[in-house]
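Engineer: Same order as they appear, the protein sequences are chains P, C and W.
Numbering-wise (the numbering used here), the first sequence opens with residue 1 and increments by one.
Numbering-wise (the numbering used here), the second sequence opens with residue 1001 and increments by one.
Numbering-wise (the numbering used here), the third sequence opens with residue 2001 and increments by one.
Since the hints were derived computationally from the structure, they do not count as laboratory data.
Some hints could be false.
Straight line, CA to CA, 27 Å or less: simulated DSS-like cross-link-like pairs of lysine-lysine [said to hold, decoys possible]:
hint : chain 1 : residue 1 : chain 2 : residue 2
1    : P       : Lys527    : P       : Lys405
2    : C       : Lys1024   : P       : Lys405
3    : P       : Lys458    : C       : Lys1005
4    : P       : Lys527    : W       : Lys2119
5    : C       : Lys1061   : P       : Lys458
6    : W       : Lys2130   : P       : Lys113
7    : P       : Lys350    : P       : Lys233
8    : P       : Lys171    : P       : Lys548
9    : P       : Lys405    : C       : Lys1061
10   : P       : Lys242    : P       : Lys210
11   : P       : Lys106    : W       : Lys2119
12   : C       : Lys1021   : P       : Lys458
13   : C       : Lys1061   : P       : Lys337
14   : P       : Lys463    : C       : Lys1061
15   : C       : Lys1021   : P       : Lys548
16   : P       : Lys304    : P       : Lys405
17   : P       : Lys337    : P       : Lys439
18   : P       : Lys171    : P       : Lys106
19   : W       : Lys2119   : P       : Lys113
20   : P       : Lys400    : C       : Lys1024
21   : P       : Lys113    : W       : Lys2010
22   : C       : Lys1005   : P       : Lys483
23   : P       : Lys208    : P       : Lys233
24   : P       : Lys208    : P       : Lys570
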Amino acid sequence: MQRIGVFVCHCGSNIAATVDVARVAEMSLMEPGVVHAEDYQYMCSEAGQAKIAEAVKEKGLTGIVVCSCSPRMHETTFRNAAERAGINPYMVEIANIREHCSWIHKDREEATKKAVILARAAIAKVNLNAPLRPGESRVTKRALVIGGGIAGIQTALDIADAGYEVDIVEKTPSIGGRMSQLDKTFPTLDCSACILTPKMVEAAAHEKVKIYTYSEVEQVSGFVGDFTVDIRKKARSIDMDKCTGCGVCSEKCPAKKNPSEFNRGLGNRSAVYTPFAQAIPNVPVIDRENCIKFKTGKCGVCSKVCQAGAIDYEQQDEIVTEKYGAIVVATGFDTIKLDDFDEYAYNQSKDVITSLELERVMNAAGPTNGHLERLSDGKAPKNMVFIQCVGSRDVTCRGKEYCSKICCMYTAKHAMLIRDKYPDVNVTVFYIDVRTPGKNFDEFYRRAVEEYGVNYVKGQVGKVAPQPSGQLLVQGVDLLDNKQILMEADMVVLATAIEPEAGVRRIATMLTASIDTNNFLTEAHPKLRPVESPTAGVFLSGVCQGPKDIPETVAQAGAAAVKAIGLLAKNKLLTNPCTAKSDELLCNGCSACANVCPYGAISYEDKEVNDHGIREVRRIAAVNNALCQGCGACTVTCPSGAMDLQGFSNRQIIAEVDAICR
Amino acid sequence: MSFGKSQAEQIREISGVNPYKCMKCGKCSASCPSFTDMDIKPHQFVSYVQNDDAEALVNSKSLWKCLSCFACVERCPRDVKPGRLIDGARQVVVRQRGADYLTPEEIPERLDPELPQQLLVSAFRRYRR
Amino acid sequence: MSIEAKTEFKPKIVAFCCNWCSYAGADLAGSSRLGYPADVKIIRVPCSCRVNPMFILRAFEKGADGVILCGCHPGDCHYSTGNYYARRRMTLLFSMLDYLGVEQGRTRVEWVSAAEGMKFSATMNEFVEKIYSLGENVRLGDLRCRN
């Protein structure tokens, strides 16, 4: 039998005004197991907690019931008080007689009766409490960052600067991500590559950072603090240790007509290629699907011209297995496909392009060497039309419901840059709203309108019709003037919706990280925990969590790094002690529990069991205390009643039910 | 005349359109081939119904200039279906006259002589969809 | 209504509330001083999926007149899938109870989020009213538990 102390809090007048606290204490003394009961003004105060300590010492208490406010407020306070007083912190139960009693009932007698019943239930529960101990699990002090764009690079740098080893896994041949494809960035109009490449170099040079490019995460097992990850290093067909980055192979490669992914298909690259000039690592990759040697067995020019002898046609994919304590997802985004938006003639005309394609056109290293020209005939445009919200804010099945956030700003940027460089080009922007909430953002957009003369028209475009003359007829509407606009344009730029990078669903599944219907990874709490996944040990950085621009991405990347560092800094992790536990004598290894566990916390082991004298090896369930979050789904599913939840056991809950219904 | 329900409400009910879904982007007007001939424009239909001001809509020329091509329905990003509102408004007009059909003689007054019998066309389109 | 009504009928109602959403919703109802009858007593569970049908049967056996299970909205479960299991179990259990004579009105499942204090209070008020109209529960009751 326990020796239980009951402490009834007045909470000033919050409880005492409606509930006869003295009576609650008095009635509690009549319950089995209770050896001490008192009421006090403020149990959560120093003095209140001291009373608990005193009673524990004097009366040899083994269990505590505090009748007070909600356990969501002070359960931790009283658990700590109990621990300081010398008893196990899990021998404490709270009866909520404030939020669930004094604050909602008016009649003193009724409220007091209810408080007595609630106290009774808590006492009945504590009688069956066991002194639980949190488990410990180890922490591997290494972090994995999936994705090598600005988000991944920044997170990796921050973690590495704190002294921990970080690996970046990037699926394309070079780190850099979308930011490497941009020309200038808003609102400062910095050259994107100029601000990105120093970070790329820093990451490559950092002694704590290891970069795997042209690699993908293949498999993840384990749990927070102790992940085991298989990384597939795809075969580059180039020996990275020998390659000097001279580029002769790409130059001499005869297979030159492959659409360049980096240039969004607007230009070509060789079969052996480096995606862009500042690529890190500066080692090319052979695109085996389009390489003449791999397709026909003939050629081999690159191998002949390579001075370093780095070409290796026999190279195979390699699987590397590493252990990590924390994983950060930074997989980024891509623009949506415009196949369902025929009204804009994107697939019909080369002169209708997306904004990301415009970035490549305007970039000095792009397919037109930075010269603004029509992609169909190379002529300079005189009239440009920008169409906003293509595929964004669209509830039909064609587009995405959300606002892609970056388009209003980047269109203002494009419009301004074009007007600045080519003052004789007319630029018209058709918009629904202009969303420029960041620091200096609205001022930036107003400059585009007021200083640079960009024509912003409130209204949308219904159709873009390619004409035989080669021009594009744009039919839009001006809602303020209430007129339809029919104008000729030489180029039309579509501010296309963005969506998370393809393949993110596969990664989310591997990590059991929550993902929403738009394929954005879900955060643990949308306001208060934006960089953590609900899955312990997994953190989110960049657009994979939601559309955002570069300043926000860098901020979030730092936040994710800090959370990861907070985890890695621990030498061991304390696991939640209120976990499921299987009675090995009752368990028959049926696997019903494992099937309902959302965390994959239950596995099976063959264990020798001594069942009342019968010794045999049985397949029984084993719960991983580091993974188990204590939901209890397994306990109800278990057909033999072997599975129970510590802290909320079957007997405890039934005792509470009995106390209430008595 | 309206038996307790406002005309706007009747139009909403008949057409099944929820005008609050409109985000006032103007794509409907941008896609409308009859825009220039209308007095009340497509993007305004929704607004008028939302503000319960169906009177002007029901008496407008636009009702009869609409071709029921449903480009606005096809392209609206919020699934508002403004073209259906016109059908609804036409129904309200026709019901006001006490009959639920128009005789062939009555139609030509409201019609642009070059356009086909719109009610017929719109009815066909409605059943087809 | 029993003929020799010694005392006025005061129903006993047990509410199982999940720690993350509905218990927090009940707390919010409390902070907002949104009242409901004192006949409702809340038992905290980590997730609605923790509630074993045996607990509910036990409640009725020991004299409860109504049992309500509150959890997170589908899709918002703190443990991702718990409330789906609870939903399925309770659907089956309640129709079985109905067959045994414990009317459907005596049992209920309600999804209440941590922000829905008003909904919690309104639900409890409705439920208690329903139980009053159904009267004392005599089915499944262990006669030894009656005084």
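Engineer: Verify the proposed pairing of Lys2130(W) with Lys113(P), using a straight-line Cα cut of 27 Å.
Structural biologist: holds (22 Å)
Engineer: For the pair supplied as a hint, Lys463(P) and Lys1061(C), confirm whether the alpha-carbon distance does not exceed 27 Å.
Structural biologist: Since the Cα atoms of Lys463(P) and Lys1061(C) sit roughly 25 Å apart, the hinted pair holds (cutoff 27 Å).
Engineer: Would you check the hint for Lys1021(C) and Lys548(P), treating anything up to 27 Å between C-alpha atoms as holding?
Structural biologist: holds (25 Å)
Engineer: Quickly compare the C-alpha distance for Lys208(P) and Lys233(P) to 27 Å and report which way the hint goes.
Structural biologist: holds (20 Å)
Engineer: Under the criterion that the straight-line Cα-Cα distance not exceed 27 Å, is the pair Lys527(P), Lys2119(W) satisfied?
Structural biologist: Distance ~23 Å between Lys527(P) and Lys2119(W) Cα, so the pair holds.
Engineer: Given the hint that Lys458(P) pairs with Lys1005(C), test it: the Cα-Cα distance must not exceed 27 Å.
Structural biologist: Given that 27 Å is the threshold and the Cα spacing comes to 35 Å, the pair is violated.
Engineer: For Lys350(P) and Lys233(P), compute the direct alpha-carbon distance and say whether it is at most 27 Å.
Structural biologist: violated (36 Å)
Engineer: Check whether the Cα positions of Lys337(P) and Lys439(P) lie no farther apart than 27 Å.
Structural biologist: Outside the cut-off at roughly 31 Å; violated.
Engineer: Going straight from one Cα to the other, do Lys171(P) and Lys106(P) come out at no more than 27 Å?
Structural biologist: violated (64 Å)
Engineer: Do the alpha carbons of Lys1061(C) and Lys458(P) lie within 27 Å of each other, as the hint requires?
Structural biologist: Roughly 25 Å between the alpha carbons, so the hint for Lys1061(C) and Lys458(P) holds.
Engineer: Take a quick look at whether Lys106(P) and Lys2119(W) sit within 27 Å of each other, Cα to Cα.
Structural biologist: holds (20 Å)
Engineer: Does Lys1061(C) pair with Lys337(P) here, judged by a C-alpha cut-off of 27 Å?
Structural biologist: Measuring from Cα to Cα gives roughly 40 Å; hence the hint is violated.
When the structure is compared with the earlier hints, violations turn up for hints 3, 7, 9, 13, 16, 17, 18 and 22 and for no others.
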